[in-house]
Structure formats: C-alpha cells, structure tokens
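If you read the protein sequences in the order shown, they are chains A and B.
Going left to right, the first sequence walks through residues 1 to 348 as this note's numbering numbers them.
Going left to right, the second sequence walks through residues 349 to 639 as this note's numbering numbers them.
What the hints contain is simulated information worked out from the structure, not anything from laboratory work.
Be aware that one or more of the hints could be misleading.
Stated by the list, open to error - Straight line, CA to CA, 16 Å or less: simulated EDC-like cross-link-like pairs of lysine to aspartate or glutamate:
id, chain 1, residue 1, chain 2, residue 2
1, A, K181, B, E485
2, A, K234, A, D126
3, A, K183, B, E442
4, A, K183, B, E401
5, A, K183, B, E458
6, A, K236, A, E269
7, A, K297, A, E317
8, A, K242, A, D259
9, A, K234, A, D272
10, A, K42, A, D311
11, A, K70, A, E85
Stated by the list, open to error - Partial pick of chain A residues on the chain B-facing surface, computed with a CB cut under 7 Å:
id, residue
12, G64
13, G162
14, G185
15, I256
Glycine included, every Cβ here is placed at the ideal spot set by N, Cα and C.
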Amino acid sequence: MKFSRFAVAAMILCAATSVLGFSQSIELVGAGATFPAPFYTKLFDEYNKQFGVKVNYQAIGSGGGQTQLKNKTVDFGASDVVVTEEAAKSFPMPFLSIPMIAGATVITYNLPGSPELKLTPDIVADIFLGKIKRWNDGRIAALNASVTLPNIAITVVHRSDGSGTTAVFSDYLAKVSDEWKSKVGVGQSLNWPAGVGGKGNPGVAGLVKQLPGAAGYVELIYALQNNMAYATLKNKSGSFVKPSLASTSAAAMVTIPDDVTKVNLTDTEAPDGYPISTFTWILVYREQNYDNRPKAKVDGMMKLLWWITHDGQRYAEPLSYAKLPKAVVDKAEVIMRSVTFGGAPVLK
Amino acid sequence: MKSERTSDSAFRTLLVLGGIAVSVLLIAIFFSLLLSSRPALVANGFRFLTGSEWDPVTDSFHSLPFVVGTLLTSLIALVIATVFSLALAVLMGEYFRSGPFASVMRTAVELLAGIPSVVYGFIGLFFFVPAVRVLQEAVGAPPYGVGIFTSALLLAFMILPYSASIGREMIGLVPGDLKEAALSLGATPSETIWKVTLPYARSGILGGVLLSLGRALGETMAVTMVIGNSNSLTFNVLSPGNTMASLIANEFSEASSNVYLASLIEIALLLFIISTLINIAGKIVVNRMAG
Numbered sequence: 001m002k003f004s005r006f007a008v009a010a011m012i013l014c015a016a017t018s019v020l021g022f023s024q025s026i027e028l029v030g031a032g033a034t035f036p037a038p039f040y041t042k043l044f045d046e047y048n049k050q051f052g053v054k055v056n057y058q059a060i061g062s063g064g065g066q067t068q069l070k071n072k073t074v075d076f077g078a079s080d081v082v083v084t085e086e087a088a089k090s091f092p093m094p095f096l097s098i099p100m101i102a103g104a105t106v107i108t109y110n111l112p113g114s115p116e117l118k119l120t121p122d123i124v125a126d127i128f129l130g131k132i133k134r135w136n137d138g139r140i141a142a143l144n145a146s147v148t149l150p151n152i153a154i155t156v157v158h159r160s161d162g163s164g165t166t167a168v169f170s171d172y173l174a175k176v177s178d179e180w181k182s183k184v185g186v187g188q189s190l191n192w193p194a195g196v197g198g199k200g201n202p203g204v205a206g207l208v209k210q211l212p213g214a215a216g217y218v219e220l221i222y223a224l225q226n227n228m229a230y231a232t233l234k235n236k237s238g239s240f241v242k243p244s245l246a247s248t249s250a251a252a253m254v255t256i257p258d259d260v261t262k263v264n265l266t267d268t269e270a271p272d273g274y275p276i277s278t279f280t281w282i283l284v285y286r287e288q289n290y291d292n293r294p295k296a297k298v299d300g301m302m303k304l305l306w307w308i309t310h311d312g313q314r315y316a317e318p319l320s321y322a323k324l325p326k327a328v329v330d331k332a333e334v335i336m337r338s339v340t341f342g343g344a345p346v347l348k
Numbered sequence: 349m350k351s352e353r354t355s356d357s358a359f360r361t362l363l364v365l366g367g368i369a370v371s372v373l374l375i376a377i378f379f380s381l382l383l384s385s386r387p388a389l390v391a392n393g394f395r396f397l398t399g400s401e402w403d404p405v406t407d408s409f410h411s412l413p414f415v416v417g418t419l420l421t422s423l424i425a426l427v428i429a430t431v432f433s434l435a436l437a438v439l440m441g442e443y444f445r446s447g448p449f450a451s452v453m454r455t456a457v458e459l460l461a462g463i464p465s466v467v468y469g470f471i472g473l474f475f476f477v478p479a480v481r482v483l484q485e486a487v488g489a490p491p492y493g494v495g496i497f498t499s500a501l502l503l504a505f506m507i508l509p510y511s512a513s514i515g516r517e518m519i520g521l522v523p524g525d526l527k528e529a530a531l532s533l534g535a536t537p538s539e540t541i542w543k544v545t546l547p548y549a550r551s552g553i554l555g556g557v558l559l560s561l562g563r564a565l566g567e568t569m570a571v572t573m574v575i576g577n578s579n580s581l582t583f584n585v586l587s588p589g590n591t592m593a594s595l596i597a598n599e600f601s602e603a604s605s606n607v608y609l610a611s612l613i614e615i616a617l618l619l620f621i622i623s624t625l626i627n628i629a630g631k632i633v634v635n636r637m638a639g
C-alpha cells in the first residue's frame, strides 16, 4: 500500500514539473521532407552540441510536414516544394517559406558493374512512362557506346508515399516531356504508369539496390552513401552534367526572383547546372504568438533558422548538398526578419 | 449474505458494462469512419467500388485494385497456411501431445506469432524476395521479387500460429473413447484422424482458420515492405500490387487535399466492412458445421 501511494505521488510530481516547464532547455519539433533529412539530422545534432537546443525532426515526407504545420503539431515544417497558393488557403494563418539548402535528385540504377550512364531527358521520361522496357534499348545504347548494356528489363522504382522529391522530379519531367505532363502530371503523389513503390528516399534506394535492373530517383546523398551508380543527364544548354555539389550550386546560379518562393531550379537555364536540382524549404507561421507559444521557444527557433542559413551552411558540402547562393541568403534574411511575435519582429 | 450479493451483482454489472463498452466502441469506429469519409463518398460515388484508377493529381480515386490485392494476398496466404497449420495441429494434437519435443514445437509455433510485423518485413525483403525472383526468372516473368505472391507467402508464416494453436487445442478436445471406438473397429490411426478426429474438431479448426484470415486481411507493415506498392489493378500474382492497409499506411501522412484524405478513410471503411462481412460469413459456416 505504502509503495503504491509513493509511486503515485512521484508520478504526479514528475507530470507537474514537466507541465510547469521546470526544464530550462528549449525543445523544438519539426517534421517533413526525407530529401534533406541527412543534412538536418547532422545539423540539429551540431546545433545541440553548440547551443544546447534539442530539435526533434521526423522525416515523414514533404506533404506530411505541410499537414503537421497546418495542424500546428510541429514548430516548423520542411518541404522540398513550395506550397501552392491553393493549398496555402487551407492553412489557418499565413506562413513563410524559407530556403535552407539545395540538393540534387539523381536517377540511380542497379546494373552489373555499376557503369556510369549518360541519359537525355526524353529517355528518362520514357523509362518512367514504361515505354523503354529494357536496358539494352537502342536509344540508351546509342548514348553509351563504351558500356555493354545487359538485356535485362528495366524495373521502375518510385515513391509509394507522397513526396517533395516526387514533386520536383515530376515537375522536371513535365517540362521535358509533353506526354508526361498530360498523362501523369505534377504532384507529390502520382498515378505512376509503371513500377514498384518504396517508402521514403531510403525505401527507393533500398529497392533499387536489391532489384537487378531497377531504376529510381533519389536525393544524391542516398546514392552516394549506398555506393549506387547514378546517371549523367543532358541539361537545357545541351551539356551532359554529372550530379554533384558543384553542378547543384551551378544550377542555383540563376536570377532569383523578388519572391524567392517562385524560384524553380528544374531544367535550369544555368549552363553547368544539373537539371533536377531544388531548394528545400522550412515553413513557419508569420505570426508566432499562437497557442500560447513561449517567446523563448520562438526566439530559439528563429535563431536556429538564422544559424542554418548562415553558419550551418558549412555542414552542407560534406554531405553533398549545395550551399545557398548569396542572393538567396539575402532574400532568406528578409523573410526571416518578417517573422513576428505579437506584431514585433523576432530577429533584431 | 447481503454483502456477498451486492459484490456479486457489482461484479456482474462491471462485466456487463465492459461488454457494452466494447460494442459501443465498434459502432463508434464505424460511424467515425463513415463521417470522416463523407467528402469522398459524395465525390467518388459508386464508381469508387468498380473503378481501378488511383490518381491524387486529378483527385480520381477508386478502390478495386486494393480490394483485389487484399483478397488475393489474404486468400492465397490462407490456403498455404491452412495446409501447414492443419499438419502441425494434427502432429501436436495427436502424435506429440506431451514430452520435450512437443513443448519445443508448441513454443516455436507460438513464438512465430510473437515476431513483430516489421521484422517479418525484413525477413521477407532479405529472404523471400530473392527466392521469388529466382522463381520469376525461371517462369519468364519480370524478376521483381516483390509482389502479391511474395507477400502472400510471408503472410502465410505470420498467420500460421493462430490456426495451428487453436487447431491443436480442438483436436486435443476430441473425446478419447470416440477415437478408441474407431480403432477397435479396425480403423488405422490415419483413418481415425481423417474420419473421426478431424470431422469432430471441424468447426473449432475452422474458427482458428477464420482468426488467421482476420489477421491476414489487416496486416500492414510486413505487406507494405514486400508487395511492391503498385497502385494498378492486376490479377497476376507474380506482379507487384497493393492492399488497402498498405495503401493507407503509405499515403495517409501525406494526403494533402480533403478528398484525398477522405478517400483514404473511405478505403479504411471499406476494409472494415469487408473484414466484418467475412467474419460474419465465417461464423455462419462454423455454426453450420458444428451442428
């Protein structure tokens, strides 16, 4: 009897202290894209070591990040695509999209010997439409004379969950293939004409690695870390560009529009740019004084976002993500300064 | 005397309340699914049940590929599992009822039920998928490895323990004098099993099989890892497909538009209704067999 009463009292005490917030450290919760997840994971770990702020990031996909921000269950959402104006209407309050880093979506495949293949946009579209069915197809062979392509079937691997990576990839395909645009369209979840689905960037990478003859699309870091081969693509200017840190940064060297959220890097005009590059964004509400959020937490979050776009950029390159170009950082600063708490700007 | 009666009736009231609570919960689940899927019921109409396209871009949602996928995987898994679980049930119920080997087997079968779904998914991904790929290459089909057959095979292992354990219990309950009577009339042991024991335990064994089917219909994690997640309608068991539970698990957290989310809930409602109908049908069959 005595022990159980003591246990109950102890539990109530613990619950009370956590509710009253006796703990001093700030904890933030974010959710969203798997595309930048390796970068964010490293970043938040470093930030915690340097500043003692814990950030819990759940990589549930861009759509998940948007939904969780809409439901106000997270402090910030992460998305590879800017939310469309239509979708933004369903959010309870106006929100801002802040660019963080840029990354590349690569076409990765599983062929014996992991050869480096050159592909053109129309070939990529036709592979994912299911029109090119075997690796030794004439069109692929014509571009890759030095490689002996095996006579095995191409198994398309796509995302089974809704994904910003899919949205970026389909945006690119819609630009380079009219058939893709009319038949499948652009979106985070698509009606794929062919192939099998994997969950998240890791799921696609895992399936491609396992299935001989598979071809899928993942963020560059996933292909690199799993030692998988990826294709060199022909960009809009006609050069064959290998996806890399340099070519992603080059893709971002375009005129940044005044409203930076309108920038679109797919099928970039930049001569050395990799054609399937994208910025990835963090979404926060413009007015941060909602649901009794403590000011300390808001200050902590904006400091974190400022740090990511400035000091934190140096963690991007070791993971093969591209830093933001200066023009974009300038625009990001303007956006971050417009976040308010009770009407007053948070960042001084 | 008086205090005994009140504590007895209090106990009985508690039990009755518990029973009512469970029934109310079931009805509440049904109605909340119905209400949440209303935008989709309106937008999709009856075509939802017959169409085969699942297109979030144009908000065109239909359930047939997933109903077919669920039924195919569950029924194939059931057939495979029943063969093995019947054999196990007879072995453990008739031949090895006690002793060290019996307890090892019994524990092993029960442990199969305790392995988490996601671990089964990994086992499927690392062992079953390459094995099925070899089979597909041998028959000339595209060597996906993942697909309806692979997930049915995996499901069979997952649902095996339920019908095996229940079957064993039912066979153990067959009265000894019935079996002895058969043997004394000249039947061989195997004839006794086929003609006396199994028919007697028939309805109980079928109840266990029904339990397995219920598990198979709703299994999500392991299936989604090996089924290939392809949303097109197919009856070819060697090709990738998708089930209702797997679809919901994949797309729920990302569903952006209202109709999309409501359509996923409509799929959940459909799964609920199908499971309930199969359970009711199964119970009718079990009752008829017992009589």
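Evaluated hints:
no., hint, verdict
1, A:K181 <-> B:E485, "34 Å, violated"
2, A:K234 <-> A:D126, "15 Å, holds"
3, A:K183 <-> B:E442, "61 Å, violated"
4, A:K183 <-> B:E401, "13 Å, holds"
5, A:K183 <-> B:E458, "50 Å, violated"
6, A:K236 <-> A:E269, "6 Å, holds"
7, A:K297 <-> A:E317, "29 Å, violated"
8, A:K242 <-> A:D259, "29 Å, violated"
9, A:K234 <-> A:D272, "10 Å, holds"
10, A:K42 <-> A:D311, "13 Å, holds"
11, A:K70 <-> A:E85, "14 Å, holds"
12, G64, "4 Å, holds"
13, G162, "3 Å, holds"
14, G185, "4 Å, holds"
15, I256, "27 Å, violated"
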